[in-house]
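Please build the complete structure, drawing on both the sequences and the hints.
Chains as they are written, first to last, in the working numbering: chain A, 105 to 216; chain B, 157 to 272.
Hints are computed from structural coordinates only; laboratory data are not their basis. Glycine included, each C-beta is placed from N, C-alpha and C at the ideal position. Any given hint could be a false lead.
[Stated by the list, open to error] Residues from chain B that keep clear of chain A, each with C-beta distances beyond 12 Å, as calculated:
1. 164
2. 168
3. 173
4. 176
5. 180
6. 182
7. 208
8. 223
9. 226
10. 229
11. 234
12. 239
13. 243
[As the list claims (entries may be wrong)] Heads up, simulated SDA-like pairs for lysine to any residue below, C-alpha to C-alpha not over 20 Å straight-line:
14. B:180 - A:148
15. B:180 - A:145
16. A:185 - A:163
17. B:224 - B:209
18. B:224 - A:202
19. B:234 - B:268
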Amino acid sequence: GQSLEQPSEVTAVEGAIVQINCTYQTSGFYGLSWYQQHDGGAPTFLSYNALDGLEETGRFSSFLSRSDSYGYLLLQELQMKDSASYFCAVRDRNNAGNMLTFGGGTRLMVKP
Amino acid sequence: DAGVIQSPRHEVTEMGQEVTLRCKPISGHNSLFWYRQTMMRGLELLIYFNNNVPIDDSGMPEDRFSAKMPNASFSTLKIQPSEPRDSAVYFCAIRDGRLSGANVLTFGAGSRLTVL
Numbered sequence: 105g106q107s108l109e110q111p112s113e114v115t116a117v118e119g120a121i122v123q124i125n126c127t128y129q130t131s132g133f134y135g136l137s138w139y140q141q142h143d144g145g146a147p148t149f150l151s152y153n154a155l156d157g158l159e160e161t162g163r164f165s166s167f168l169s170r171s172d173s174y175g176y177l178l179l180q181e182l183q184m185k186d187s188a189s190y191f192c193a194v195r196d197r198n199n200a201g202n203m204l205t206f207g208g209g210t211r212l213m214v215k216p
Numbered sequence: 157d158a159g160v161i162q163s164p165r166h167e168v169t170e171m172g173q174e175v176t177l178r179c180k181p182i183s184g185h186n187s188l189f190w191y192r193q194t195m196m197r198g199l200e201l202l203i204y205f206n207n208n209v210p211i212d213d214s215g216m217p218e219d220r221f222s223a224k225m226p227n228a229s230f231s232t233l234k235i236q237p238s239e240p241r242d243s244a245v246y247f248c249a250i251r252d253g254r255l256s257g258a259n260v261l262t263f264g265a266g267s268r269l270t271v272l
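What follows is the structure, encoded as structure tokens:
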């Protein structure tokens with residue numbers, strides 16, 4: 105089966121940088137995704153890494169190391185609106201890569 | 157929740173009652189997923205359909221749960237009889253056309269179910 109580990113909670117101040125780590129165990133790994141979910145809302149897609157390295161999208165970046173089964177989401181210039189839960193999700197050979205398994209989520213609290 | 161409409165948004169029912177949750181994908185897709193979210197278990201995949209055919213239902217908790225997709229624009233998740241432990245937010249999601257290699261999912265707003 106699959107398993108993903110990420111911290112349950114992270115707190116940071118506005119304007120700072122925060123990194124949310126994710127380690128995973130799976131067979132036939134295809135890629136790692138990140139989703140954001142605000143309280144009462146639905147998960148929304150942020151980024152996807154299939155290859156090693158850093159992918160940057162505005163203030164958010166995502167990193168993957170396949171050899172370490174590890175990735176992280178980096179949020180820069182934090183804003184209050186970034187307070188949300190962040191989920192890593194792995195896409196693997198299970199059902200030919202058509203399914204996503206989500207981690208337990210990291211609740212990010214941004215303080216003034 | 158662009159692309160997926162779920163109803164009802166909130167449902168409160170009593171133990172033993174039948175519950176039907178609905179999902180209407182708006183945009184084109186070929187895969188539809190039902191997820192359940194609770195504080196204890198996080199986001200769990202219940203079942204997914206490809207071209208309206210159920211492909212993997214290994215996440216369905218037990219026989220009380222059933223899902224159908226009679227056409228590409230409609231799916232239901234039914235719980236009969238419901239139990240308090242079924243209380244959760246149920247999300248319907250479709251595969252997004254963006255980044256086809258990434259298996260990007262677009263989620264509906266969810267149906268929050270409370271079973272008393």
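Do the hints match the structure? See the list:
| no. | hint | verdict |
| --- | --- | --- |
| 1 | 164 | holds, 15 Å |
| 2 | 168 | holds, 16 Å |
| 3 | 173 | holds, 24 Å |
| 4 | 176 | holds, 20 Å |
| 5 | 180 | holds, 15 Å |
| 6 | 182 | holds, 14 Å |
| 7 | 208 | holds, 14 Å |
| 8 | 223 | holds, 15 Å |
| 9 | 226 | holds, 21 Å |
| 10 | 229 | holds, 19 Å |
| 11 | 234 | holds, 21 Å |
| 12 | 239 | holds, 23 Å |
| 13 | 243 | holds, 16 Å |
| 14 | B:180 - A:148 | holds, 18 Å |
| 15 | B:180 - A:145 | holds, 18 Å |
| 16 | A:185 - A:163 | holds, 13 Å |
| 17 | B:224 - B:209 | holds, 9 Å |
| 18 | B:224 - A:202 | holds, 19 Å |
| 19 | B:234 - B:268 | holds, 14 Å |
When held up to the earlier numbered hints, the structure conflicts with none and fits them all.
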